[in-house]
Every structure is written in structure tokens, then in C-alpha cells.
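Protein sequence lines correspond, in order, to chains A and B.
Once you know that position 83 of the first sequence is 90 in our numbering, the rest is easy, because the numbers rise by one and skip nothing.
Once you know that position 484 of the second sequence is 498 in our numbering, the rest is easy, because the numbers rise by one and skip nothing.
Since the hints were derived computationally from the structure, they do not count as laboratory data.
Mixed in with the good hints, there may be bad ones.
To be verified - Here are the simulated lysine-lysine pairs, DSS-like style, with alpha carbons at most 30 Å apart:
#1 Lys241/B <-> Lys222/B
#2 Lys281/B <-> Lys171/A
#3 Lys243/B <-> Lys127/B
#4 Lys234/B <-> Lys327/B
#5 Lys171/A <-> Lys282/B
#6 Lys507/B <-> Lys479/B
#7 Lys288/B <-> Lys171/A
#8 Lys507/B <-> Lys171/A
#9 Lys53/B <-> Lys234/B
#10 Lys281/B <-> Lys331/B
#11 Lys331/B <-> Lys288/B
#12 Lys248/B <-> Lys171/A
#13 Lys243/B <-> Lys53/B
#14 Lys178/B <-> Lys73/B
#15 Lys73/B <-> Lys167/B
What the hints assert, rightly or not - Here are a few chain A residues that face chain B, going by a calculated C-beta distance under 10 Å:
#16 Leu43
#17 Ile61
#18 Ile64
#19 Glu98
#20 Arg107
#21 Phe150
#22 Leu162
#23 Ile165
#24 Phe241
#25 Gly261
#26 Phe274
#27 Arg281
What the hints assert, rightly or not - Reference listing, derived: stretches of chain A covered by chain B, where coverage requires no fewer than 3 residues with Cβ under 8 Å from a Cβ of chain B:
#28 167-179
#29 209-216
#30 286-299
Where is the CB? At the ideal position from N, CA and C, for every residue including glycine.
Listed here are the chains, written in short residue letters.
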Amino acid sequence: MNPIKFHMKYFGKKLLRLFAIVLAVSALTFLMVDLLPGDAAYEIAGEEASLSDIEAIREELGLNRNIFVRYAAWISEVLRGNLGESYNNGERVSAAIVSRLPVTIELLLVSQVFALLLAIPAGIAGAYKAETGVDKSLSSAAFAMMSIPIFVSSLVLIYFFALKLRWLPATGYTPLSEGLWANVRSFILPATSIAMVECVPLMRVLRTDMIATLQEDYILMARSKGLPALHVLFRHALRPSSLTLVTILGIQIGHLIGGALIVEIIFALPGVGRLLIGAIYGRDYNIVQGCILFITVGYVSVNFVVDFLYSVLDPRIRMEKADG
Amino acid sequence: MIGALGKIKHSNGIRWIVPIALLVAAALICAPIHAAEPKYGGTLRYAGELDARGFDAIKTPVLLGNGALTALAVMEKLFETDGDGGLIPVLGLSATPSPDGKTWTVKLRRGVKFHDGTPFNADAVVKHWGRLLDPENRYRGRSLMKPILSVEKTGDYEVRFLLKHVWLPFIDTLSNSRGLTTLIPSPKAVEDGVHHRAPVGTGPFVFKEWKTADRIVVVKNPDYWQKGKPYLDKIVLKPISDHETRYATLASGQVDMMLTERPGHVKKLSGDPKYTTTILDIGGVVYLALNNSKPPLDDPRVRRALAHAWDQKKYIKACTGDVMPYAEHWLGDERSCGDVGYRRPDLEKARALIAEYGKPVELEYIHSATNRGRETGLIVQQLFKKIGVKVNPRPLDFPGIMKQIFGRKFDIASFMVGGSNDMGPVTMAFLHSKSPWNVNRYVNEEVDELLLEQRMSDDPEFRRKTLCAIAKKVNFDAPFLYLFGRSYRIFYKTDIHMKAPKKYGRIRLADAWMD
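Hey, can you work out the whole structure from these sequences and the hints?
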């Protein structure tokens with residue numbers, strides 16, 4: 008088959024499947040949020056409302072309609088590009104998500120860069136010195152980092168670097184428009200908190216894959232040619248050992264698109280995660296649905312890209328697909 | 015200049031306010047905590063717990079968190095209250111009652127403009143109040159101002175409020191800080207539909223930006239009608255819901271001021287010379303609502319038993335580190351009512367009442383899904399266990415709690431009643447048997463009668479005594495249990511200076527200045 012035709016068909020099928028996933032997730036979320044006790048009308052009405060006030064609000068918002076009718080109405084508006092507005096404060100859902108995207112994306116990128124900076128050298132060192140004291144020390148340190156809850160490591164980082172040393176801000180987000188350094192500073196602690204946990208699986212899978220790669224004949228050949236160890240490790244062994252690493256990275260990026268909930272709350276970062284959690288508590292259905300839709304699309308898109316990257320990283324996968 | 019203000023003084027008719035007394039009250043209220051000369055400039059960064067919920071009174075009747083501070087910086091009332099029933103002129107100059115007390119004429123300040131250039135006049139006031147009173151708009155604060163029939167324009171700078179009957183709480187309704195009712199918005203901004211997210215008022219600060227859950231920014235109004243004010247250039251209000259994070263934000267110097275009532279933070283910050291404290295008594299009480307409409311809590315013996323098993327002082331110490339005030343009623347000013355028959359801890363009496371009831375008592379307690387909510391659940395469970403009452407705590411978030419309460423599907427639930435200078439309307443709303451706001455479903459015909467009497471009376475002393483009598487009767491019946499009175503603490507750096515908040519009022523960042 009023509010490779011271009013093949014790829015179009017392959018990715019076309021994949022896209023259709025992803026669209027079905029997005030629809031299914033949005034419907035499921037709609038149902039789950041509806042099952043929560045209380046609705047937006049109680050939140051909007053506040054403590055000084057009466058039952059008739061709540062009924063009136065419910066009618067105004069269309070919450071007294073059947074759930075299928077509400078879902079159909081919501082999805083038809085979405086298909087027309089209208090995500091609606093917040094029940095609680097009138098903000099447009101699309102604007103609410105877009106305004107939080109820079110925070111979420113920057114946190115995602117910086118934390119993953121930090122995680123890779125920790126995981127790649129540690130994974131390679133663990134594989135190169137497998138079963139030695141170095142490997143065992145790195146593994147122990149990794150498990151220790153993973154076993155500390157993220158809220159604990161976040162608070163410890165705040166205590167030392169913000170309250171004691173006063174090197175970095177304890178909380179909050181400084182936009183890029185107020186200076187690059189100020190912006191980066193506001194992400195160092197939250198990104199480190201995330202990276203400390205997320206680097207561990209990356210390191211472990213890289214170490215395992217690299218141990219296998221280092222047994223390959225072409226590595227033996229490279230070594231026998233007298234190439235320096237670092238050259239062999241980084242130029243010849245790292246790339247073919249990165250498939251699982253990329254998969255895990257994809258999953259991590261996927262779930263970080265929805266925001267790192269705890270970190271966003273502890274560091275008071277106005278990201279998508281904080282928006283979503285506030286909306287769930289306030290039964291702000293439009294915001295919840297909008298966020299879930301955005302997160303699902305982001306998640307499946309990242310996995311779509313990861314699938315594509317497989318074939319870039321390993322030509323054998325490309326050939327397998329072409330062979331049918 | 016302060017004009018002649020109207021105020022009903024006591025029984026047998028209506029008396030006029032003594033302007034001198036008001037001047038003195040105004041002067042006292044305006045007296046700063048720090049007598050130093052105010053300085054201009056600077057940005058004040060404030061961290062509160064809750065973000066704003068919007069600024070359109072129809073959509074958001076209750077002022078919460080940073081929304082309240084923003085609204086009070088951007089918009090203004092007709093009058094401020096001095097905390098003792100007197101009025102201080104703001105956009106209104108005087109409020110004068112008719113001889114029968116059923117009409118109030120309010121003269122308005124001239125030469126004031128909203129931030130969008132719209133002139134402030136009688137049309138703006140009538141438009142605002144007309145929206146609130148229009149039944150079509152279903153304004154949710156109307157329960158507290160039912161006696162107001164209408165508002166009409168009687169001149170370019172004069173309006174008249176028509177009441178169903180003599181109603182003393184009217185002056186509180188014009189001046190309290192409970193909701194957006196009292197704050198006059200730009201009619202143009204409301205009509206254009208922008209006011210809810212971008213409020214426009216006549217206040218000392220102009221709204222600049224609201225990034226939900228991140229910050230609200232207001233900047234100095236260069237054309238403010240009170241010449242020389244405000245002092246600050248800018249105020250940034252950040253909502254930080256997590257208490258530890260909020261404390262860390264203040265301690266690391268990222269904000270200048272924060273609100274808290276967490277015992278650990280109060281202790282640390284109170285002992286730190288870098289900070290000044292202001293206690294904000296917001297009035298009202300937080301209580302355990304008991305469902306009086308279904309067994310076993312429809313039986314007064316069970317409710318009274320719980321009241322005697324409940325130890326408010328121990329609870330306040332254990333759960334709030336003695337930060338929150340003790341309350342024997344919801345009316346504020348504990349001493350003014352004397353003995354209101356508060357049921358003190360008495361396990362023997364409690365056990366005897368349960369024995370008299372003669373059936374096993376098992377209750378579900380719905381509390382907030384917060385640390386304090388969970389702690390309260392455990393304390394309630396342990397205290398009632400001592401008298402053989404089994405309590406199953408159940409955490410829920412706000413909409414969940416409200417659904418259970420309005421569906422009457424609860425036994426015990428955490429609830430609160432707000433504070434105000436005049437607690438008559440609030441008391442009427444939450445205790446009258448026919449009121450839809452009576453969440454306890456409490457029914458006592460004598461209390462209903464007293465509630466109506468205090469509502470119709472033009473005698474402040476009679477009303478005060480009647481409200482105290484109601485408190486006594488309610489405590490006898492024990493339709494709910496008191497958790498604590500409501501107050502907050504504001505901690506701020508010592509280089510910030512502010513006026514003392516008025517009783518049941520809010521802090522006014524509009525008057526703050528920095529060294």
C-alpha cells in the first residue's frame with residue numbers, strides 16, 4: 008500500500024476512535040456530576056435562599072430537565088463552539104480555560120523537563136552500573152521520593168526555600184509579561200514537587216530498557232570499536248531505550264493537562280486543575296464539562312502524538328504498520 | 015457636609031435624629047487606629063479565603079470573601095452605619111421619615127459620577143432598588159426587606175421609599191454590609207450586562223481586572239468625589255483557599271495582609287511584632303441545625319437533652335483554639351440580653367431527658383467536608399455518646415448539605431445565621447414558622463407572635479427586649495445548638511494603617527495607607 012495512503016487511513020481510524028472516546032468521556036462525566044448530591048442551584052442560591060428560590064434558579068438554568076435532554080443541549084452547543092458560561096460567576100467557560108492554559112502548560116512543561124533532567128542521567132547511570140552500589144542507591148532514593156506524598160514535599164520545599172531561605176516565592180503565579188525570571192521563579196517549587204514524583208517511573212523504565220539495549224549486538228560492536236562509554240550510552244543506547252519512557256511521559260503529560268490538582272492548590276496556581284476542582288465543589292456543570300472536554304481532547308491528542316513518535320523513534324514499528 | 019439624618023428613636027411616635035450626636039458618632043467611627051499622617055501611593059496585596067462570586071445583586075445576593083472587599087472599594091452605599099443604629103452619609107445626604115413612619119425621603123449627593131461617566135442621581139437609585147423589588151427578578155435578599163413596597167423618584171437628587179408599615183430595620187437595610195443590596199451600581203453597566211464581572215460604582219477604586227481564582231485588581235479612582243482619597247494606588251486581592259498556603263504567602267512576604275481564623279496561625283501571627291491584628295466581629299452564629307419536623311428531634315425532650323450534652327466552650331477550645339467567640343444567642347452583644355436561658359452542659363439532666371423519651375436515639379450529622387467539619391463531627395459524636403445518643407457523621411460539600419437541608423432529609427446539619435446591626439429581619443426569616451428560611455422547621459406560636467410584634471414596633475427598646483425574649487424562648491425549646499459566634503482576624507504588616515472596622519462591618523481597604 009502507498010505509505011501516504013496507509014498513514015492517512017491509519018490516522019483517520021485513530022481520529023475517529025479518539026472522537027468516540029471524547030464523546031463517551033463527556034457523557035460519563037455529565038452523568039457522574041449529575042449523581043453528586045445537590046446541584047448548582049443550591050450553590051448559587053446560598054444560605055439565605057428558600058426552596059422556591061432554588062426551584063426558580065433550577066428552572067432558569069434548565070437543571071430541572073431530563074439529563075439526556077441537558078446533555079444533548081450541551082453537546083449541540085459545544086459542536087457550535089459554545090461551551091457556555093459559569094453558573095457561579097458568569098465567566099465564559101472557553102475564556103476561563105484559555106486564561107488558565109498558560110499556567111497549566113508552563114507547569115506541565117517545566118515539571119516534565121525537571122523530571123527528565125533527573126530521570127535520564129539517573130536511569131542511564133543505573134543501567135550502566137546495574138546491580139552495583141550506585142544503582143541500588145539511585146533506586147532507594149527514587150523510591151523514597153515516590154513514597155513522600157506530594158503535599159508533604161511541596162510544604163517542605165515551601166518551608167525551606169520560601170520561608171527560611173526566602174529564595175523563591177511560596178505561592179502564586181507571575182505572568183511572563185511581568186518578566187521572565189519572575190515567571191520562572193514562580194514555577195520552580197511547584198515543578199520540582201511534581202518532578203520529584205514523576206521522575207521515578209521515567210527513571211525506572213529507562214533503566215530497565217537500557218539494560219536490555221546494552222545487551223544488543225550493535226552496542227557490543229560500538230564498544231569493541233573503542234567508542235567512549237558516554238558516546239555509546241547517549242548516541243547509541245538512549246534512543247532505542249526511550250520507547251517506554253516516551254509512553255510514560257505521554258501519560259504523565261496527558262494527566263498534567265488536567266492540571267496538577269494538589270500542587271495547584273498548595274501553590275495557589277490558577278491552572279485548569281484548580282478551576283476544575285472549584286467547579287466540582289460548586290456544581291458548576293458548564294465549567295466541569297468544559298474542563299473535562301478540554302482535558303480529554305488534550306489527553307487523547309498527546310497519546311496520538313506519542314503513537315506517532317513511536318514510529319519516529321523506532322523504524323521497525325513503522326515497517327510493522329506498513330506490513331499490516 | 016453631613017446633612018440632617020432621619021432616625022426613629024423610641025416609642026409613641028417618631029423622633030428626629032440629633033445631628034450633633036451623629037456628627038460625634040461619625041467622628042468616632044472615622045477615628046483611625048493609628049493617628050499618623052496618611053501617605054499616598056503603594057500597592058496593597060491581600061490574601062483572603064474565597065474568591066468573588068460576581069457583583070450583580072440579583073445574581074449574587076450575599077457578599078463573600080474577596081468579592082466583599084472589592085465591592086466595598088468600587089461601589090458605595092447611600093449611608094454607612096455607625097454600628098449603633100446611626101447613619102453616616104455617603105451617597106445619601108439625609109434620610110427623613112414621614113410622621114407615620116411609612117415613608118422615608120432620602121436626599122442624594124450631587125456632583126458624583128460612576129466610573130463609566132454615568133451621573134449618580136435619583137434615576138440610578140430608583141433603577142437599582144426597582145430591580146431588587148421587582149418580583150420578576152426574584153431577588154434572594156428580599157426576605158430581609160419585605161416591608162419595602164417601592165422606591166420612587168421625587169426629584170433629580172431625591173428618592174422616596176414607601177413601606178408597608180413602620181419598620182425600624184429600614185435604616186439598617188440602607189446601610190448594612192451583608193450583601194450587594196446597599197451598594198449602588200452604575201445603571202449603564204447593569205443594563206449592558208457587564209456589571210456582574212466588571213463592577214462599576216462611584217467608589218474610591220476603579221475595577222481593573224478579575225482573573226477568577228487568581229486575583230482581582232482595583233486601581234485608584236483619580237476623580238473620586240471625596241478629595242484626597244484614596245491613599246493607595248492599587249489593591250490586589252488574591253483568593254487562597256488553603257489555610258497553610260495563605261499563611262506561607264503572608265510569611266514569605268508575598269502579600270501584606272491576610273484573613274484567617276485558624277488557631278495555629280492566629281497564635282503565630284499574634285505573637286509576631288511584624289504584624290498588626292484586627293478582629294472582625296461579623297455577627298450571627300454558626301450552629302447545629304436540628305430537624306424539628308421529624309422524629310426523634312421533633313420531641314423537645316431529645317433536643318433539650320442534646321443541648322445539655324453539648325459543651326460549647328469545650329468545643330470552641332478543642333476545635334478553634336478559643337479563637338471563635340462563645341455565643342448564647344444569635345443577636346450579638348452578649349450582655350445586652352442578660353440571661354437568655356442558655357442550656358449549660360449537664361449530663362445528668364441530659365440522660366434523664368433521654369430516659370424520659372424512652373426510645374433509642376440515633377442521628378445522622380451532615381457536616382462540611384473540611385478539617386473543621388470532620389473535627390466537629392467527631393466531637394459531636396463523642397459528646398452525645400455520653401448520653402447514649404449515637405451520631406453518624408457524614409461529610410458533604412455545600413450543595414450536598416443544602417440539598418439535604420431543603421429536602422428536610424437531615425437530622426443534624428451545620429448551618430449559620432448572619433449578623434447585622436438590626437437582627438430583627440434575620441430573626442424573623444430564620445425562626446418564623448411560616449418562613450421558607452426556617453431550616454430547623456421550628457414551630458412556636460408564641461415566638462411567631464413576638465416576631466411580628468418586634469417587626470411592627472417603632473420602639474427600639476421594646477424591640478430589643480422582644481428579641482431577647484425570643485432568644486429565651488428559643489433556648490428553652492432548643493431547636494438548634496450553638497457552635498460559636500462569627501468572627502475573623504485580619505493580620506497585616508505594621509507598615510499598613512487602617513481604620514477600625516465598624517460593628518458587624520467589613521474592613522475598608524479604601525481607607526488604608528502604607529508607610
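### Hints not upheld, ascending by number
4, 6, 21, 24, 25 and 29
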